[in-house]
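Trainee: Residues per chain are reported as follows:
Number of protein chains: 2
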Amino acid sequence: MSTAAEQQSTSQPDAYTPTDRTVPTRSKERASYDRALVHAILDEAYVCHLGFVRDGAPVVLPTLYGRVGDRLYVHGSTGSRPLRMAGQQDPGLAVCLTVTHVDGLVLARSAFHHSINYRSVVIHGTAHQVTDADEKRRALDALVDHVVPGRAADSRPANAKELAATAVLSLDLAEVSAKLRTGGPNDEPEDMDLPHWSGVVPLQKGYGPLVPSADLAAGIDVPDYLREL
Amino acid sequence: MSTAAEQQSTSQPDAYTPTDRTVPTRSKERASYDRALVHAILDEAYVCHLGFVRDGAPVVLPTLYGRVGDRLYVHGSTGSRPLRMAGQQDPGLAVCLTVTHVDGLVLARSAFHHSINYRSVVIHGTAHQVTDADEKRRALDALVDHVVPGRAADSRPANAKELAATAVLSLDLAEVSAKLRTGGPNDEPEDMDLPHWSGVVPLQKGYGPLVPSADLAAGIDVPDYLREL
Numbered sequence: 001m002s003t004a005a006e007q008q009s010t011s012q013p014d015a016y017t018p019t020d021r022t023v024p025t026r027s028k029e030r031a032s033y034d035r036a037l038v039h040a041i042l043d044e045a046y047v048c049h050l051g052f053v054r055d056g057a058p059v060v061l062p063t064l065y066g067r068v069g070d071r072l073y074v075h076g077s078t079g080s081r082p083l084r085m086a087g088q089q090d091p092g093l094a095v096c097l098t099v100t101h102v103d104g105l106v107l108a109r110s111a112f113h114h115s116i117n118y119r120s121v122v123i124h125g126t127a128h129q130v131t132d133a134d135e136k137r138r139a140l141d142a143l144v145d146h147v148v149p150g151r152a153a154d155s156r157p158a159n160a161k162e163l164a165a166t167a168v169l170s171l172d173l174a175e176v177s178a179k180l181r182t183g184g185p186n187d188e189p190e191d192m193d194l195p196h197w198s199g200v201v202p203l204q205k206g207y208g209p210l211v212p213s214a215d216l217a218a219g220i221d222v223p224d225y226l227r228e229l
Numbered sequence: 001m002s003t004a005a006e007q008q009s010t011s012q013p014d015a016y017t018p019t020d021r022t023v024p025t026r027s028k029e030r031a032s033y034d035r036a037l038v039h040a041i042l043d044e045a046y047v048c049h050l051g052f053v054r055d056g057a058p059v060v061l062p063t064l065y066g067r068v069g070d071r072l073y074v075h076g077s078t079g080s081r082p083l084r085m086a087g088q089q090d091p092g093l094a095v096c097l098t099v100t101h102v103d104g105l106v107l108a109r110s111a112f113h114h115s116i117n118y119r120s121v122v123i124h125g126t127a128h129q130v131t132d133a134d135e136k137r138r139a140l141d142a143l144v145d146h147v148v149p150g151r152a153a154d155s156r157p158a159n160a161k162e163l164a165a166t167a168v169l170s171l172d173l174a175e176v177s178a179k180l181r182t183g184g185p186n187d188e189p190e191d192m193d194l195p196h197w198s199g200v201v202p203l204q205k206g207y208g209p210l211v212p213s214a215d216l217a218a219g220i221d222v223p224d225y226l227r228e229l
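Going line by line, the protein sequences match chains A and B. Residue numbers for the first sequence follow full-length UniProt numbering, beginning at 1 and rising by one. Residue numbers for the second sequence follow full-length UniProt numbering, beginning at 1 and rising by one.
Be aware that a few hints might be false.
Partial selection, computed: residues in chain B whose CB lies under 10 Å from chain A [to be verified]: (1) Ala15; (2) Thr17; (3) Arg21; (4) Leu37; (5) Gly79; (6) Leu173; (7) Met192; (8) Pro195; (9) Ser198; (10) Val201; (11) Gly206; (12) Val211; (13) Ala217; (14) Ile220; (15) Pro223.
Per the computed footprint, the stretches of chain A lying under chain B, defined by three or more beta-carbons under 8 Å from a beta-carbon of chain B, are [unchecked claim]: (16) 64–75; (17) 138–148.
Worth flagging that the hints you see were computed from the coordinates, not collected in a lab. Backbone N, C-alpha and C fix where the C-beta goes; we use that ideal spot for every residue, glycine too.
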């Protein structure tokens with residue numbers, strides 16, 4: 001799998017091609033199409049927000065995902081709505097998949113210039129049901145390894161019944177953009193002497209102490225891939 | 001403002017009424033319509049994911065928001081796409097606004113039962129441009145106070161030019177549900193003796209050291225509402 005992903009990435013350019021949908025109408029300087037940046041933003045988050053249209057109205061659901069090269073996977077019960085819809089619809093389901101990190105709170109002297117520092121990726125495209133059995137297994141491994149790298153190899157793989165109950169959607173990274181804001185507030189020159197504190201409150205993420213299952217068998221040590229978190 | 005919000009909340013029931021769109025097809029036991037829980041989830045997050053339909057395709061954008069009672073506000077440039085669309089469309093713009101917290105990684109013995117602990121709120125509704133000047137000012141205060149409570153009163157309010165450049169959308173909390181997962185993995189009885197560590201990796205959020213603006217005037221202390229973070 002990694003070999004295929006590496007071959008794919010070496011044969012592709014370093015940036016995604018902008019489209020009408022991925023060029024912002026405002027703050028164009030915050031947009032990026034850099035492939036490595038997009039992958040890094042995607043790999044750091046746990047949950048994406050998957051948008052689709054049902055009965056003419058938008059639906060946005062949080063869901064886990066995994067990445068293999070330039071393809072994302074999401075999964076769910078074969079009975080869940082977006083997965084049913086993608087299976088029923090040919091040629092696939094139009095989706096918008098968005099991932100966002102909030103890195104800091106930007107406090108300006110003026111209310112107007114308050115903002116946040118963030119990194120986001122927005123992907124437009126068409127999601128398809130994965131029907132190939134091998135790809136489906138690789139996708140499920142990627143989903144587990146996205147939660148904790150190395151975990152897929154240290155868990156029981158899905159059996160036939162579980163595979164049959166799980167639907168997987170694929171979405172190619174093609175129409176993609178990142179958007180990010182960094183740095184301090186952009187106050188107006190005439191506001192500089194106002195008596196308000198200004199600056200950035202950084203947000204930090206971390207891990208709490210592990211909570212082993214109450215019924216964990218004796219003698220099972222915490223694996224290295226968890227110690228490294 | 002708080003008086004109005006309090007009046008509103010005391011005159012309303014403690015739960016939102018479920019609808020076809022807010023009753024999940026699966027994991028119904030994870031859904032909640034409790035008003036206080038919904039408000040708490042909304043108030044704890046910084047960014048929502050706002051979904052709407054453009055040219056028949058879904059769009060999902062991360063954006064700041066603020067809450068006043070049972071009404072949410074998002075804002076943006078008068079030139080931004082969803083705000084333009086909501087202004088052009090009568091009666092408003094169909095949206096789905098979703099907020100998600102990831103609280104922990106759930107590592108089961110089987111790949112199939114891997115999950116995350118999360119709390120999310122999904123709101124379906126119609127967003128309207130706020131045209132009343134007083135409501136617009138209150139909405140902008142709520143947006144700033146959502147980032148840091150108490151900050152709106154300690155910053156320069158928007159002037160006429162800034163107000164004219166800012167569009168605000170309102171979305172009533174009516175068709176709303178929360179969904180949450182807590183606790184450890186739900187492994188199959190036959191997997192209990194497998195040699196894989198299982199349990200939960202809690203995710204924690206915190207604040208880093210404040211980064212004052214480089215040009216911050218001397219003698220401006222860190223305000224109490226920031227010390228309390």
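Trainee: All hints, please: hold or fail.
Mentor: Hint check results:
{"no.": "1", "hint": "Ala15", "in the structure": "21 Å, violated"}
{"no.": "2", "hint": "Thr17", "in the structure": "18 Å, violated"}
{"no.": "3", "hint": "Arg21", "in the structure": "8 Å, holds"}
{"no.": "4", "hint": "Leu37", "in the structure": "16 Å, violated"}
{"no.": "5", "hint": "Gly79", "in the structure": "6 Å, holds"}
{"no.": "6", "hint": "Leu173", "in the structure": "16 Å, violated"}
{"no.": "7", "hint": "Met192", "in the structure": "6 Å, holds"}
{"no.": "8", "hint": "Pro195", "in the structure": "6 Å, holds"}
{"no.": "9", "hint": "Ser198", "in the structure": "4 Å, holds"}
{"no.": "10", "hint": "Val201", "in the structure": "6 Å, holds"}
{"no.": "11", "hint": "Gly206", "in the structure": "5 Å, holds"}
{"no.": "12", "hint": "Val211", "in the structure": "4 Å, holds"}
{"no.": "13", "hint": "Ala217", "in the structure": "6 Å, holds"}
{"no.": "14", "hint": "Ile220", "in the structure": "5 Å, holds"}
{"no.": "15", "hint": "Pro223", "in the structure": "5 Å, holds"}
{"no.": "16", "hint": "64–75", "in the structure": "violated (count 1)"}
{"no.": "17", "hint": "138–148", "in the structure": "holds (count 6)"}
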